[in-house]
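Full structure from sequences and hints, please.
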Amino acid sequence: MTRSNGHHVATDNELHRDPGIEVHAHAPAKVAPGKDDQRTVFEKGAPGRRAFVCPALDVPARDGLLPDRFRRSEPARLPELSEPEIVRHYVNLSKRNFDLDSGFYPLGSCTMKHNPRLHERAAALPGHARLHPFQRPEHAQGALELMWRLERSLGEIAGLPHVSLQPSAGSHGELAGVLLTRAYHEDRGETRTKVLTPEAAHGTNPATVTMAGYDVVKVGTNPDGGVDLDDLREKADESVACLMLTNPNTLGIFDPNIEEIARIVHDVGAILYYDGANLNAVMGWARPGDMGFDIVHFNLHKTFTQPHGGGGPGSGPIAVSDRMEPYLMVPRVVRREDGGFDLVEDAPKSIGRLRGFQGNYGTFVRAYAYIRSLGAEGLKDASTVAVLNANYLLARLREQGVADRLPLAYGKLCMHEFVLSGAPMKRELQIKTLDLAKRLLDFGFHPPTVYFPLIVDEALLVEPTETETRETLDAFAEAIAEILREAESDPDVARTAPHTTPVRRLDEAAAAKKPVLRQSF
Amino acid sequence: MSRYTAATDHDRREMLAAIGVASIEELFDAQIPAAVRLGRELELPAGLPEQDVFEHLRELAGRNTSAEDEISFLGGGMYDHYVPALIDMLMERSEFLTPYTPYQPEVSQGGLQVMFEYQTAISELTGLPVANASVYEGPSALAAAGWLARQANGRARFVISAGCHPHAIETLRTTAHGYGAEVVEVPLRDGVTDPGEWAAAIDAETSAVFFQNPNFLGAVEDAEALAAAAKDSPAVVVGSYDPVALGILRPPGECGVDIAVGEGQPLGNRLDFGGPSFGYFAATEAYLRKMPGRIAGETRDVDGRRGFVLTLQTREQHIRREKATSNICTAQALNALGGVVYLTWLGRRGLVELGELLLQRTAYARERLTALDGVEALHEQPVIREFALRLDAPVERVIARCQDAGVNPGLALPDRGLLVALTERRTRAHIDRLADVLGAAVAEEREAAGTAPPGVAEPAGAAGGGRAA
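Protein chains in written order, with our numbering: chain A, 11 to 531; chain B, 10 to 478.
In case anyone wonders, no lab produced these hints; they're calculated from the structure.
Hints are not guaranteed to be accurate.
[Claimed, not checked] Calculated cross-link-like contacts (lysine-lysine; reagent style DSS-like; alpha-carbon spacing at most 25 Å): (1) B:K299 / A:K524; (2) A:K228 / A:K204; (3) B:K332 / B:K299; (4) A:K204 / B:K332; (5) B:K240 / B:K299; (6) A:K524 / B:K332; (7) B:K332 / A:K228; (8) B:K332 / A:K245; (9) B:K332 / A:K523; (10) B:K299 / A:K523.
[Unchecked claim] Chain B is faced by these chain A residues, among others (derived, beta-carbon under 8 Å): (11) L76; (12) H124; (13) E130; (14) L141.
Even glycine gets a Cβ: it sits at the ideal position worked out from N, Cα and C.
Encoded structure:
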C-alpha cells in the first residue's frame, strides 16, 4: 500500500519479519503484528485515520489571520493512526525494553534503585502537575514550600546550607558549579584558567570544564585508587580555579586523604567541587561540606530515586557554602517574615539563570516524597545497605571463584559500587567484558557499566543499590560464575551473545558511518 | 529498615559474615576517616508511612492554584494543553519509566525506536534534516545552540532578538559569560524584531543570531527576512519555535534557519510548575556532528534484523571528554516519548486543525479584549495563540482581581503589559468570561486610581516569579 504522501506502508497482512532471519523451526511464516513488528509508527496507519478529534470552532471564522508567506504549504508528514493502533504500537515497543521494575540493573554510577509508585501518584496531583510556572507566588505557596523544604533537606544531607534546585541534570549542576567558581574568582579580581579533574572522573566533568571556559588538567590516581597527592601538589597553583572530585570515586573508593586534598586545594585559593554521583554511599555517614567541599551537585535521579525514564528526565540541584552563596542562580526561593514563600531574582552577584522557570519541579516532588518517607534514619540505612549489598556481592563473587578472572581493580572493600577488571578473563578465556555483559542479558540481568572508568582495563563497574535483595545478588554472582564456566568450554556462546533478546548484536559501526537518523519517506 | 530495602537483621548478620567484617560500623570505619564522619544523626524529620506522605503532598498541592482551579490564560512558553489519557498510560509503563539510557541496545529497542520516531517527527515539524533525541528544555536548548555556534565558527559575539523568551536570553548570557562570548540584544519595534537594528547588529564576528517565532509577545516574526539578514556573515541562524505553532507556521528549515530549538512542553507534557519537559534541537546536516545530546540511528543486527542504536557517540563526553561537543548526555527521553506520542495522537491533519483553532480563538479573544475600555493591543502583528495587551491600570492588581473571580488573565509584562495565551481547552465561553472579568477589574482599578493620591504606583516587589522581566 502506498500513502498519499508517497511512502510505502506495510499492511497488517504483509510479513513483518525481515526475510532471511533465522527463526525457530516451528515458527509460522506470518505472525500477528506485535512483538516482532519492526515497522516505525511512520510506516503504520493509513491516510484519513485519526485519534484526535478537534474541538468545534465556536467563534466566528475569519480569513487572512496569518499571511500566506508565513504559512506552511504542506502539513508536516506525521503519522495517521487510530487510537487503538497507537496504543498497540507503543505498548509493543515498550516490551522491547529491559526495565528496573522487571529486573536487576546494577549499572555502576547510575544508582538504579527502586522507584516508588507513590512518587508518581503524588507528582500527578493536579495541584502539582497542572501548576503553571508563571503562576504568581501567592497562588503557588504549596509548591514553593515544597521547594524550600527540599532545599533545607538537601543542604542538611550535604552539610552545605545554600541550595539551588534549578539545574536539570547532573551535568547541568556541574556547569552551574563551575560557573559559580568563575564568578567567585572574578569577584575577587582573580583570573584563573584551569580546573583539575581526576583521570577516573565522569566524562561530563571535563566536558563541563571546557564549556565554562577553563582548561582541563588531569590528576593521577595512586596505587590505592585515590588521588595521587604528589601529582595534585605539583599541579595545584594559583592558576587553578577548582578541583572536581567524586567521593567515593568512580572506583567505589572513599579517598582517605580527603582532608589533605581539601587543604592543598584551599591553600592555593581554589574551590573544591563535589560531583554527587556517588552520594548514595554516604548519606548520614559523612557529608561533603564536612569534608571541605564548597559546592556539591546532587543527582536526584540517582540518590533520590527519580525514575530514569529511559534516559531522562534528571535533576541536578547544587548546594554551596556561605562564600559561594552570593553567586547562586536566580530565582531563589525565600521564606518571608510572615511565613509565606516567594521567588526573588534580586541578587546582584548571581551568575543568572541556567534554564527556564524554577527547574524540574516534578522531580522535586518525588525527591521530597522520598526524603519524607525515609527520614534521617531511613536515608542513612539506604546508604548502609547500599554499601553492605556491594560488599556482599563482591564477597559472593569471590566465593564463586571468579576473582582470578575478574579481580577487584583496587582495594579490598568498597563503598556502594566496585570495579572489576576483565583483563585476566579476556586473556585466559578469550571473552571480553563486552561479551560477559551481552551474555548476562540472556540470563535476564542488565549488565553493569562496562569500559568505565577508563583507567581500568576491561572495566566492569557494579552498583547493586540498597533496594535489591540478597537473593538477587546471589543469583547475579552465580550467573557470572556460570558464564565463566561456560566460556571455559565454549567461549563462542558469550562471544556471540545475546541469543534471546528481541534483536542480537547490532552493527554500531555501520550506524555511525552512514547515519540514518530519521524515517525516510 | 525502610520499606524500600529488604535486608533483615538476619540477612545483615549473614552478609557481614560473608564479607568478613564484624559489623556495619567496621565496614564504614575501614573506609571513611573518623575526622570526616558525621557524628550525629541528620537533622531531618522522621520517616513517614506511605499514606502520610501522600496526604502531606496532597495538602501542599492543595495550596497551589493550578489550571484545574481557575480559567487560566497563562502562557509565556508553557501552555495548558489537554494531555490525552494514552500518554499518561504510556509514560507510566514500567518499561518506559524505569530503564536508564539505552547502553545495551539489544534490550532497549523500544526506547531507541521511540527516539528514532521522535527525531523523525521533530525533523518533519521543523523542516530540518536532523534532530537529536532531546535536550533539557527550551531556554537551555537555545543556549546549547550558542555553544554549538561558538565551536563551529570560533566567533564570540551573539545577536539575540528581545523577542526571545526572557529566560532564554538570561540563560544565553549566563553560559556565554563562561566562555567569554558577548551577547547583544536587539529591541523590538511594533512587536517584532526591529529589522534595521537586527541587520546593523550582525557583523563578520557574529557567531550566531537568535530569534523566537512566534516571539515572546505572541507576534509572528518574518523568519525568512531575519535569516536573510545574516546571510553574508558567518553567523549560525537559530530560531526558537513553539512546536504547536509549527502545525501552521512555515517550517524554519524553509526560511534559512540553521538550527531550530524550542520548548517541547506544549507537546503532550504537563505544566509541572516548569518541568520536567523537554527541549528539541534540530539542525542542517552541516551541524550534525556538532550537535549536543544523544542521537539514535538505524542499523541491522547480526541476523539482519532492523534495529536502533545510540550513534555518533564520538561527539559525547564518555569518549571525547573535554573535546566533547557538549556536556549534555542523558536528557529527557521520557518527556520526548510524550512528545512523539502527542504528535502521533494529533496526526498529520490534527496538528493543522489544532493550529487553525488556536488562530481563530486567539483572534476572537484579541478582538474581545481590545474592545474593552482601558485595554489596548501592545502590537498589531499577526499572532497564533498568544497576544500582548497594555492596560490603563496597574497590571498586578488587575490580575489579582481577576484571580479572585476565578480567571487568571495571563502574565504581567513590564509597563502594564499583559500576555494572554490560549490552548484548545479555553473555549469561547471562557474567553467571554475573561472579557467580563478583565473589563470589570480594569474599570475598578481605574476608578480606584481616580480617587487615589497622584503618583501611587502598583506595589513594588510583588510576585517576582510571576513577572517576565
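To see whether the hints hold, each was checked on the structure:
| no. | hint | in the structure |
| --- | --- | --- |
| 1 | B:K299 / A:K524 | holds, 16 Å |
| 2 | A:K228 / A:K204 | holds, 10 Å |
| 3 | B:K332 / B:K299 | holds, 11 Å |
| 4 | A:K204 / B:K332 | holds, 15 Å |
| 5 | B:K240 / B:K299 | holds, 20 Å |
| 6 | A:K524 / B:K332 | holds, 23 Å |
| 7 | B:K332 / A:K228 | holds, 14 Å |
| 8 | B:K332 / A:K245 | holds, 21 Å |
| 9 | B:K332 / A:K523 | holds, 20 Å |
| 10 | B:K299 / A:K523 | holds, 16 Å |
| 11 | L76 | holds, 5 Å |
| 12 | H124 | holds, 5 Å |
| 13 | E130 | holds, 6 Å |
| 14 | L141 | holds, 4 Å |
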